[in-house]
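Trainee: Okay, here's what each chain looks like letter by letter:
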Amino acid sequence: MIGIYMAVILLAAAGLGLGCEYGLDARAALSVLALTACAALLALWLYERRRRRKLNERICAILNGKFSPTVENELSAVERLAMLKMQSLDATGEKLRRGYKNLSSLISDIAHQTKTPLSTILLCTDALDADSALTGSLRTQTEKLRFLMEALTKLSKCECGLIAGNLSPKVQEVSALIGSAVGEVLTAADTKKITIRTTIPDGLRACFDLRWTAEALFNILDNAVKYSPEGSDISITAAAYDLFVRIDIADKGMGIPEDELCRVWERFHRAPTAEGSPGVGIGLYLTREILTAEGGRVKAASDGNGSVFTVFLPANVTEL
Amino acid sequence: MIIETHDLTRVYGEGDNKIRALDMVNLSVERGEFLSVVGTSGSGKSTLLHLLGGLDRPTDGRVFIDGTDLYSLKPDALTVFRRRFIGFVFQSYNLIPGLNVWENITLPLGLDGIRADKDEIENLLASLGIADKRFAMPSELSGGQQQRVAIARALAAKPHIVLADEPTGNLDSRTSLEVLLLLGQLNRELSQTIVMITHNEELAQMTTRRVHMEDGRIVSDSGKAVEA
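First to last, the sequence lines map onto chains W and S.
In terms of the numbering used here, the first sequence is residues 1 to 320.
In terms of the numbering used here, the second sequence is residues 1 to 228.
Honestly, I wouldn't trust all of these hints.
Using 30 angstroms as the maximum straight-line C-alpha spacing, the simulated DSS-like pairs for lysine-lysine come out as follows [said to hold, decoys possible]:
| hint | chain 1 | residue 1 | chain 2 | residue 2 |
| --- | --- | --- | --- | --- |
| 1 | W | K66 | S | K18 |
| 2 | W | K170 | S | K118 |
| 3 | S | K158 | W | K54 |
| 4 | W | K66 | S | K158 |
Every beta carbon over 12 angstroms from chain W, so not counted as near; a handful from chain S, in silico [as the list claims (entries may be wrong)]:
| hint | residue |
| --- | --- |
| 5 | E4 |
| 6 | D7 |
| 7 | S41 |
| 8 | D76 |
| 9 | R83 |
| 10 | E103 |
| 11 | Q145 |
| 12 | D215 |
Honestly, the hints are just simulated from the structure, not real lab data.
Just so it is clear, the structure is predicted and the values come from calculations on it, not from any experiment.
We put the beta carbon where it would ideally sit given N, CA and C, even for glycine.
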């Protein structure tokens, strides 16, 4: 900085000297002096601007986590501070994640441990007078409790980010996915004489985690079978979009009223029309959580002729 | 809260012709939400979005974006704030015809004196599926591709919030779905807060929170029932 000012003064003096040398009068010498000073100021301003811009860029780089631990300069202190801040943020995040994980496995363990007492209660209930209304209500309430505990176990997995942590999506055949999901509902479908038709383009591939995504599709199919009349059809159609693969699951069931369409994805939500059927309203919530976690989406549509659930999976590995 | 409105009201017209386009709206949006605002035309959803983005002035009430009282800012400061913290996606793409894709995306960055991070923008283009269109002119692109460029432009400055006004209004249903899926991916992977106006219930269903508007008021809000 001081160097620059010295240079300005020297240049000015040189300008003045030059003016005198050539025998110019004082006025001309002054204007030469003014011109030199202007040029010097301009140079100074340009230099300062460049310096500020460079400084700005370096600070931005540091804040973006680009440290250069080997270079010692006027920003080293800032760099060090930023590095320490980021480290402590990382540590806090790690601590929180571990806490969540512990809590979730605790919930899951407790839910698991309740299985035995619940089965015992159910067994004992069987031994009681079957005709008594009290026994009936004992049984229903115990069944309900068991459903809730199951829901709790499943939920504790996805609430604590365990789904996202456990997902390992990779590009693979969509037919394998659909096959595995359909396999799980075949027995139930057979009992109701429901036919499941699948249309999948040859070699269609998408990016997903096979196990979890099959679980997500299973929840949709399970509902489709549950709410479809005997002897009806369920059709599964897959198609390729530019960046996504679309899978439609259409049934000829009772359908979903329009104002329920958005709500079916809510946790513990049950349509008023589904009162009599078993379930606690966790399946579709889980489906949506799983698909969203791997970069997909899901939606439902319905007309008088049943419902269509549409699943979107990313076609390629997504990384932003 | 990244967005908060307090009794936000906008009245158009005078005397007998007064229309309350927005009537005491209180809305809070948390960071990382993907909110859709649904309603018929004239329900006030566009007015709401314009007020959230500092494109209009409220008759009464306030808008806070990440703690900043938007309409307490001087006009110049508001312009700068908007450019830095709010990304817009419109129904009509609004790309500049004489500039190619890359230039359209990096132009707003230049206004702020930021040099575009080449790798970042290339990643953005790749994830939006338009990496090979980098040097194409807007007129050479399909509607869906133009809208993806507009999305990339809105995101390049890493705004606090993205406001989308009927982003799929001019697109066929398949392209609409793809644009929405892409917005959803950006929301999830970049934790980008997005507020989108739509009259399409099917699309609204795929967002994390839905707000219904009628006659300038919020009549239902799924955010009240489920956590996103």
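Trainee: Work down the list of hints and note, for each, if the structure agrees.
Mentor: Verification of the hints:
no.: 1; hint: K66(W) - K18(S); in the structure: violated, 56 angstroms
no.: 2; hint: K170(W) - K118(S); in the structure: holds, 27 angstroms
no.: 3; hint: K158(S) - K54(W); in the structure: holds, 21 angstroms
no.: 4; hint: K66(W) - K158(S); in the structure: holds, 18 angstroms
no.: 5; hint: E4; in the structure: holds, 24 angstroms
no.: 6; hint: D7; in the structure: holds, 27 angstroms
no.: 7; hint: S41; in the structure: holds, 19 angstroms
no.: 8; hint: D76; in the structure: holds, 21 angstroms
no.: 9; hint: R83; in the structure: holds, 17 angstroms
no.: 10; hint: E103; in the structure: holds, 21 angstroms
no.: 11; hint: Q145; in the structure: violated, 9 angstroms
no.: 12; hint: D215; in the structure: holds, 19 angstroms
Of the numbered hints given earlier, the model fails hints 1 and 11; all others are met.
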